[in-house]
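Novice: Sequence:
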Amino acid sequence: MEIQNDYWNLTESVVIDRSTKSYQYNEFKENDISNILANSNYEITIKKGTWKLLSKAYLHVKSKIDPAPRGGVVTVSNNGLNDFSYAILTYENREIERIDNLGVTSTICNLTEFSGDVSDSVASSLCWYMDTSDKADINRFENSVDATQLKASEKIITDILKQNVNFNKGYAERLQLTKDGKILEKFIPLSKVFRFCRDIPKVLNGEIIIRLRKNDYKNILHAVNDLEYGYKITYLSIWIPEVEPSLQIRENLTDLLASNTTTQYGFNYVNGYRSTLQTAIDGTWRITNTQNKVSGIYVVFSKVGRESNYKNSLMIFDNMNMERIYININNKQFPTKPFETNFNPKNLDYMRLYVEFLNAGLKNDMDEGKEIFIE
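Sequential numbering from 685 applies to the sequence shown in the working numbering.
Simulated from the structure, these hints should not be mistaken for lab results. Note that beta-carbon positions come from the ideal geometry of N, C-alpha and C, so glycine has one too. Take every hint as true, because none was put in to throw you off.
Straight-line distance between alpha carbons at most 25 Å, and here's what the computed BS3-like set of lysine-lysine pairs gives:
hint : residue 1 : residue 2
1    : K731      : K713
2    : K746      : K863
3    : K870      : K995
4    : K748      : K713
5    : K863      : K995
6    : K863      : K748
7    : K748      : K995
8    : K705      : K886
9    : K898      : K713
10   : K1030     : K846
11   : K870      : K898
12   : K819      : K987
13   : K898      : K995
14   : K740      : K713
15   : K995      : K916
16   : K853      : K819
17   : K1030     : K987
18   : K853      : K987
19   : K746      : K866
20   : K746      : K902
21   : K866      : K916
22   : K853      : K866
23   : K886      : K731
24   : K748      : K819
25   : K916      : K902
26   : K746      : K898
Label-pair restraints from in silico Cβ distances:
hint : residue 1 : residue 2 : range
27   : S697      : Y949      : 26 to 34 Å
28   : S697      : S959      : 52 to 60 Å
29   : D1002     : L1042     : 17 to 25 Å
30   : L937      : L694      : 35 to 43 Å
31   : A1044     : S992      : 30 to 38 Å
32   : N693      : N725      : 53 to 61 Å
33   : T963      : E1024     : 18 to 26 Å
34   : N952      : D910      : 37 to 45 Å
35   : E935      : D1002     : 57 to 65 Å
36   : N952      : T816      : 29 to 37 Å
37   : E935      : E891      : 21 to 29 Å
38   : E935      : S697      : 19 to 27 Å
Hey, can you work out the whole structure from these sequences and the hints?
Specialist: In structure tokens, the structure reads:
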């Protein structure tokens, strides 16, 4: 079968889309916005009536850290979605999608999807500034040297400066955004929260409700010292494009709604689950697989000390000095020779596992299936 390159199509006409009469972003505030400081559970209701394009919506969040106690240095952990412990999307009183452990889950998604050079514009809207160390250390270099102790050979500053291995570039960037009582403002694409919004670029005209729960302070904040800190979400809303169809499209939609047609949509949803605490050297985690739900799984390790701890961010994962790992499916081991690793700084060895990780789809979609029916 032969095809013709498009540049030979000299008579092709210009394509004009006149299906949309108007396209305008409108804001829908949290239902109890006047008392938002006193609440931990949030709900945003978008009434039925007009056509809304949820796939292009944004979550608008304003927050600030309370003045730190004397000697305290504190900012938010990486990932703006870590403000919330879970998120739920409902349509016409039906739950479409729920994400638990939202901070950890979305951090895993971002690590698998974002390249290391994600642009500042994207990072700023998500408050995504990756940690470069486990410490809340903003000193790029080790402690300065007394000038009176300089040697004659040390004539330039580069001779005496030593890189601080604990310097955390992401922490320093986030600190600049939040210090001195600054308001931290985020416009997070709703498609970064719900995969339904990412995968289904369709208009909806029914009632939409989004529910969020505020995370624990000690999971949101990352500090140098373990003091008493506070964090307030001061404003919360959703910005959604409301679209008005052309006359012809309106007639088509009216006929479609009158016919009570049921439409089936499929999308790849993601959720996060936590295992029970493992204390033995050889840990085992059982993962169940049900039809149309899970086809891709990412496992991350976190030390128990990260939970509700200002000094140890829950958005940083641990290698746990892992030496080997494999999976067992129906009593059959994969791979036959387990992946072996060594995280000793002098003998780093994890390339076989990392190459397999790349082959498994790093930077690609996390494929997990779900389908819904909409009338």
